[in-house]
Every structure is written in C-alpha cells, then in structure tokens.
Amino acid sequence: MMTTNHGAGLRKLHTAIEGFDLIAAGGLPAGRSTLLSGTSGSAKTVFAAQFIAAGIAYEGESGVFVTFEEAPEDIRHNMAGFGWDIAAWEAEGKWVFVDASPEPGEPHITAGGYDLGALLARIEHAVRKVGARRVSLDSLGGVFAQLDDDATIRRELFRIARALRAMGVTSIITAERTEEYGSISRYGVEEFVSDNVIVLRNALDEEVRRRTVEVLKFRGTGHQKGEWPFTIVPGRGIVVLPLSALELKQKSSDTRINSGSQELDAMCGGGFFRDSIILVSGPTGTGKTLITTEFLAGGDAAGERCLLFAFEESREQLIRNASGWGVDFPRLESEGRLKLLCSYPESASLEDHLIAMKREIESFRPDRLAVDSLSALERVAPLKSFREFVIGLVSFVKYLEIPGLFTSTTSSLLGGESITETHISTITDSIILLRYVEMSGQMHRGLTVLKMRGSVHDKEIREFTIDGRGMHIGAPFRQITGILSGQFRQTGEFDGLAPRGALGLPGSRLRD
Amino acid sequence: MEKYVIKLYVTGQTPRAQTAIDNLRRLCEQELGGRYDLVVIDVLERPQLAEDEKILATPTVVKELPVPIRRIIGDLSDSERVLLGLDLRPVPGSDGWGGLR
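Listed in order, the protein sequences are those of chains A and B.
Read in order, the letters of the first sequence are residues 419 to 930 in this note's numbering.
Read in order, the letters of the second sequence are residues 179 to 279 in this note's numbering.
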C-alpha cells in the first residue's frame with residue numbers, strides 16, 4: 419500500500435484518481451471511511467468505482483465494490499467506457515462485488531427486529547477473499563430504500579463502518595443529497611463517518627453544468643480547500659483539475675528566447691524568458707494574430723517545435739494571414755515544426771477544452787506554445803469556470819516550462835481591459851499591450867511592453883506598422899498622452915514617424 | 179401434500195438468532211406438522227451462501243418450496259405476518275385464488 423505521512427502521522431492512501439490526490443494532499447485517510455456525498459447525477463458511482471479500478475490498475479491493490487442500487491452487470495457495462503475491464507479483474511481475483519442491489523419484484527416483509535449481520539459477513543468475506551485494501555459502498559440511499567426502520571439501518575451502518583476500520587481497509591461510502599449547497603446527506607448518517615467528507619457537485623452555473631469536487635473535511639490531516647473542477651473523460655474516468663495547486667512547483671529560468679521580432683526583443687530587454695507566460699492584449703485588428711504568427715516563426719527560426727491553439731480563425735484563414743506576412747505555415751507543418759489546432763470555443767466545455775489541450779501539449783511536446791485567443795473562450799462558460807480554465811492552463815504550461823503566448827481581445831476599440839486580462843495578468847510574466855491611437859484624423863497602432871518580470875524593458879509606447887514582411891516597430895508617441903485609456907490628448911506637434919530602425923536595429927525580422 | 183423447504187439465515191449464536199429459530203419452529207410445527215425441512219444457516223460460517231442468495235439482513239427466512247419463493251426478515255416475533263408472508267396458511271375465507279374463480 420502506497421501511503422504518505424502527513425503532519426500528525428495520519429497516513430494517506432493514494433487513490434490514483436487523476437488529480438484528486440493533489441487536492442486531497444496525498445489521498446484519502448488510510449484505514450478510514452470517507453463519506454462521498456452528492457446529488458443525483460454528480461458521478462458518485464463513477465468515483466466509487468474508479469477508487470477501486472485505480473487501486474487495481476496503478477497501486478496493485480484489490481478492492482470490494484458493495485452495490486446497493488445498480489446490479490453488478492450494469493456497473494460492469496457502464497464502466498467499460500472508461501477502459502475498466504471489471505469482469506477480467508473479477509476473474510483475476512482483484513475486484514469482487516457484494517451484490518446488495520434490490521431483487522426485482524420481491525416484496526420485503528418485516529416481522530420483528532433484525533440487523534445487517536448478513537451484509538457485514540458478506541463484506542468481510544469478500545475482503546478476505548481478495549485481500550482487499552479498498553472498499554466502496556454505493557450508495558446508502560439504496561439500503562434505506564430496501565429496508566424499513568431507519569433507526570436500525572443507521573445503527574447497523576455505524577457497525578459496518580466500525581468493522582471496515584477494524585479490517586484496516588480504506589473505504590468510500592456514497593450518499594445522496596438533495597441540494598448542491600445544503601445538508602451533507604439526506605439520511606442523517608454523517609455522524610458515523612463524519613471524520614472525512616467529500617462533496618461532488620454538478621451545479622448549473624449560468625446555464626452551464628459545472629462539476630466540482632470539494633474535500634469538506636479530513637479529520638487530523640490536511641487537504642486543499644474549496645471546490646475543484648473535474649470532468650469525466652472517456653477512457654480515463656474522473657479527471658480532477660488541480661489548477662493552481664501546480665503553481666507551487668514552478669521554477670524560473672534566465673534563458674532568453676526570441677519573440678520572432680528583433681525590435682520586440684529589444685523592447686523586452688533581449689527577448690522573452692524561456693519559461694515565461696506572455697499576454698498580448700488589444701482590440702480587434704491591432705495585430706495580435708500577427709504577433710502570434712511571428713512568435714511561431716521565431717520558434718521555427720530557432721529550430722523549435724511550436725503548437726498553436728486557435729479559437730478565432732479557421733485553419734485556412736490562419737494560413738492565408740501568415741502567408742500575407744511572409745510565413746509559410748503549411749511548410750512548417752509538413753516539416754513537423756508546427757501544429758495548428760483550430761476549434762470553435764463552443765465545441766466543448768472549458769473543462770474538456772483544457773483536458774484536450776493538455777493532452778495535445780503532452781503528446782506534441784512543443785518548445786513554444788501560443789493560444790489565439792484566450793478571450794474567445796470567455797463566452798462559452800461562466801466567469802468562475804473561465805478563471806479556473808485560465809489558471810489551469812497557465813499553471814500547466816509553466817509546470818512544463820514551455821514559453822506560452824496568449825492573446826486577449828479587449829472589448830472596446832480604444833483603451834479598456836478584458837476579462838482575460840483581469841484573470842491572467844498576475845500570473846503572466848510579460849504583458850504587451852496593443853492600442854489604436856488616433857492622430858490628426860488617422861488611426862495608428864501603438865505597442866508597449868507593460869510588464870517584463872525580472873528584466874529591464876522599454877517603457878515607451880511605440881508606433882508600429884504592418885506590411886508584407888510583418889511588423890515594424892518604430893518611434894515612441896511623444897506628443898500624445900492617454901493612449902492606454904483611450905482618452906487621447908495631443909500635447910505637441912507630431913512630426914511623423916521616425917524612420918525604420920529607430921530602436922537602433924535593422925528593421926528586418928529574425929528569419930530574413 | 180407437498181413438503182415445505184425453509185431456510186433461516188442467522189448471524190452467530192445470538193439471542194435474536196435463537197428467538198427466530200424458536201419462533202419459526204413453533205409456527206412450522208403448528209401449521210405444517212412434520213411436512214417441512216428447516217435448514218438454519220449461520221452467515222458467519224457460510225458467507226458465500228449469503229452472497230449467492232443475496233441475503234442482507236439477519237434473521238432472514240426464505241421459503242424455497244413450494245414455489246413461489248418467499249422472504250421475510252426479522253426475528254419472526256410477529257406470527258401473523260410470518261404466516262401470511264410465507265403462505266403457511268391460506269388467508270381465512272379465501273380459496274387461494276383471490277376471489278377470481
């Protein structure tokens with residue numbers, strides 16, 4: 419049994435449920451019962467079954483599944499989609515069912531006092547038979563539905579919980595609750611397993627279903643607080659997204675990489691940092707996709723592999739845009755240097771987008787990554803989900819120490835900020851703002867490096883132009899104030915654009 | 179006359195188990211004379227039998243023959259319910275066809 423010591427010496431049992439052990443600070447309290455409470459449809463049975471399945475698959479621990487509701491045949495069938503071959507595990511003596519599901523059409527007649535001695539004897543027998551370390555009981559509602567006399571059932575469940583503890587097994591007992599935010603369970607059974615309580619939720623939030631798991635309490639041992647989103651993935655089961663729990667591990671690098679534009683590199687004090695998160699924010703049409711394209715082309719020039727998640731433009735549009743700036747995406751793709759992944763934000767929930775993106779990143783192993791745009795995903799989910807998505811993605815990218823460039827579209831054309839900026843700005847290392855600047859009846863584009871963590875950088879707001887070879891950064895706007903807010907005020911005579919190379923660099927890009 | 183086959187599942191040698199055994203024997207003698215086989219099964223000794231029969235509570239009585247199979251849980255202190263539940267005696271005033279004939 420793999421366990422971890424925490425604080426006061428209470429051991430934890432690694433569940434091996436993806437992501438869950440991180441928020442549970444190592445796993446479930448070993449040798450104890452944990453109440454898993456949730457409304458109907460909150461994935462209690464999946465969690466309970468995965469607890470056993472993951473034990474068999476990853477920890478070499480066999481388990482007992484006590485079912486009070488669904489017949490074993492239904493569970494074998496329903497869980498097959500997660501890649502769990504329960505029948506095979508049963509044949510190998512790793513998984514054993516205690517079938518306490520109701521018999522169809524058989525009325526229960528009660529004549530006098532009774533106990534659940536037979537159920538307990540069966541559970542003990544099953545645990546001994548396979549040397550089980552894990553037991554799931556699903557669910558308590560099924561016991562109460564089959565028998566009369568709630569007081570007897572409660573007393574007997576208490577006895578079973580005590581017996582499980584005496585056997586030294588770690589167990590999960592599922593229970594129904596009627597509301598997402600109310601009493602823990604509807605049968606008043608908390609008292610006998612109240613040491614450890616986990617709540618699964620499947621709440622409607624702005625018309626979108628959002629699954630979360632929360633460790634309400636672990637007596638005598640630590641855990642992460644609050645609700646953590648999870649999703650149910652075919653072939654894998656429950657995947658908890660530990661999001662910011664990952665942040666603690668991040669290292670920091672001094673190595674610089676090119677941005678794809680020598681002028682921008684110069685403004686950043688010599689390029690981006692190797693493991694940095696860069697946010698490029700601005701209104702539509704200011705050049706975010708261009709900066710993304712240059713960032714990818716810069717990766718190619720440095721012999722790196724690049725991955726782009728595009729949520730605003732189709733593949734064809736991206737390729738056409740890039741070729742308009744002199745970058746040949748199809749060639750880079752055919753050489754295996756680049757992977758373009760375009761999808762509609764609406765095609766999946768944010769949790770599923772995050773899972774899919776992580777999987778792509780893990781399989782392609784890019785040296786740099788871009789998302790254009792992050793803000794396109796704002797509209798498909800409630801704010802809370804979006805914040806978790808952003809933090810989750812950024813944390814993951816930082817964890818892998820891949821430089822990530824994210825774009826964000828501000829809602830107003832002049833000035834303003836976006837929701838994306840609000841949620842990402844504190845975890846980014848660099849922020850580049852793009853703005854429209856109105857001067858004497860003409861629109862110009864302005865760029866500034868607002869933040870460059872750990873480095874000196876150019877603080878000017880510079881004009882830039884776009885042509886068939888990409889982006890050219892020029893002179894600062896000297897006579898205009900209020901550009902970032904969009905409240906322009908001309909403070910002097912504007913004497914035209916400075917010539918190219920105003921930064922003291924050739925006006926050409928890196929790969930030329 | 180058909181012979182009754184009745185199984186009683188109990189947990190160990192508890193007072194409740196003994197009460198159930200005594201109650202069941204008395205009722206069987208009273209209603210069936212010698213026409214029954216009573217098997218007492220201790221689930222602590224034979225847990226697999228309890229598993230196969232999906233026994234949850236103890237004591238549980240299962241009347242296996244004649245069909246239909248009937249189950250009753252409890253210490254059988256409520257004689258009237260036991261007799262009705264196990265079909266040991268026809269409901270008074272009924273011919274067993276529920277008045278359909």
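Hints in this document: simulated from the structure, not taken from any laboratory.
Since the model is a prediction, treat every value here as computed from it, not as a measurement.
Each residue gets a CB set at the ideal place from its N, CA and C atoms; glycine is no exception.
A few of these clues could be false.
[To be verified] Partial list, derived from the structure: chain B residues whose beta carbon lies under 7 Å from chain A:
1) Glu223
2) Pro246
3) Ile250
4) Leu254
5) Leu261
[Said to hold, decoys possible] With beta-carbon atoms standing in for the labels, derived distance ranges:
6) A/Asp566 x B/Asp200: 38 to 44 Å
7) B/Gly190 x A/Pro520: 57 to 63 Å
8) A/Asp503 x B/Val183: 36 to 42 Å
9) A/Lys547 x B/Pro246: 27 to 33 Å
10) A/Ser761 x B/Pro246: 56 to 62 Å
11) B/Val183 x A/His526: 19 to 25 Å
12) B/Pro246 x A/Glu778: 55 to 61 Å
13) A/Asp566 x B/Pro246: 18 to 24 Å
14) B/Pro246 x A/Ala584: 17 to 23 Å
15) A/Asp567 x B/Gly212: 30 to 36 Å
16) A/Asp566 x B/Gly212: 29 to 35 Å
17) A/Glu778 x B/Gly190: 31 to 37 Å
18) B/Asp200 x A/Gly653: 40 to 46 Å
19) B/Asp200 x A/Lys547: 32 to 38 Å
[Said to hold, decoys possible] Below, computed lysine-lysine pairings styled on DSS-like, alpha-carbon distance capped at 27 Å:
20) A/Lys802 x A/Lys643
21) B/Lys232 x B/Lys181
22) A/Lys869 x A/Lys635
23) B/Lys185 x A/Lys757
24) B/Lys181 x A/Lys547
25) A/Lys802 x A/Lys869
Going through the hints against the structure:
no., hint, result
1, Glu223, "violated (9 Å)"
2, Pro246, "violated (10 Å)"
3, Ile250, "holds (5 Å)"
4, Leu254, "holds (5 Å)"
5, Leu261, "violated (9 Å)"
6, A/Asp566 x B/Asp200: 38 to 44 Å, "violated (23 Å)"
7, B/Gly190 x A/Pro520: 57 to 63 Å, "violated (26 Å)"
8, A/Asp503 x B/Val183: 36 to 42 Å, "holds (39 Å)"
9, A/Lys547 x B/Pro246: 27 to 33 Å, "holds (32 Å)"
10, A/Ser761 x B/Pro246: 56 to 62 Å, "holds (59 Å)"
11, B/Val183 x A/His526: 19 to 25 Å, "holds (20 Å)"
12, B/Pro246 x A/Glu778: 55 to 61 Å, "holds (59 Å)"
13, A/Asp566 x B/Pro246: 18 to 24 Å, "holds (22 Å)"
14, B/Pro246 x A/Ala584: 17 to 23 Å, "violated (39 Å)"
15, A/Asp567 x B/Gly212: 30 to 36 Å, "holds (35 Å)"
16, A/Asp566 x B/Gly212: 29 to 35 Å, "holds (34 Å)"
17, A/Glu778 x B/Gly190: 31 to 37 Å, "violated (59 Å)"
18, B/Asp200 x A/Gly653: 40 to 46 Å, "violated (57 Å)"
19, B/Asp200 x A/Lys547: 32 to 38 Å, "holds (33 Å)"
20, A/Lys802 x A/Lys643, "holds (16 Å)"
21, B/Lys232 x B/Lys181, "holds (24 Å)"
22, A/Lys869 x A/Lys635, "violated (40 Å)"
23, B/Lys185 x A/Lys757, "violated (69 Å)"
24, B/Lys181 x A/Lys547, "violated (36 Å)"
25, A/Lys802 x A/Lys869, "holds (25 Å)"
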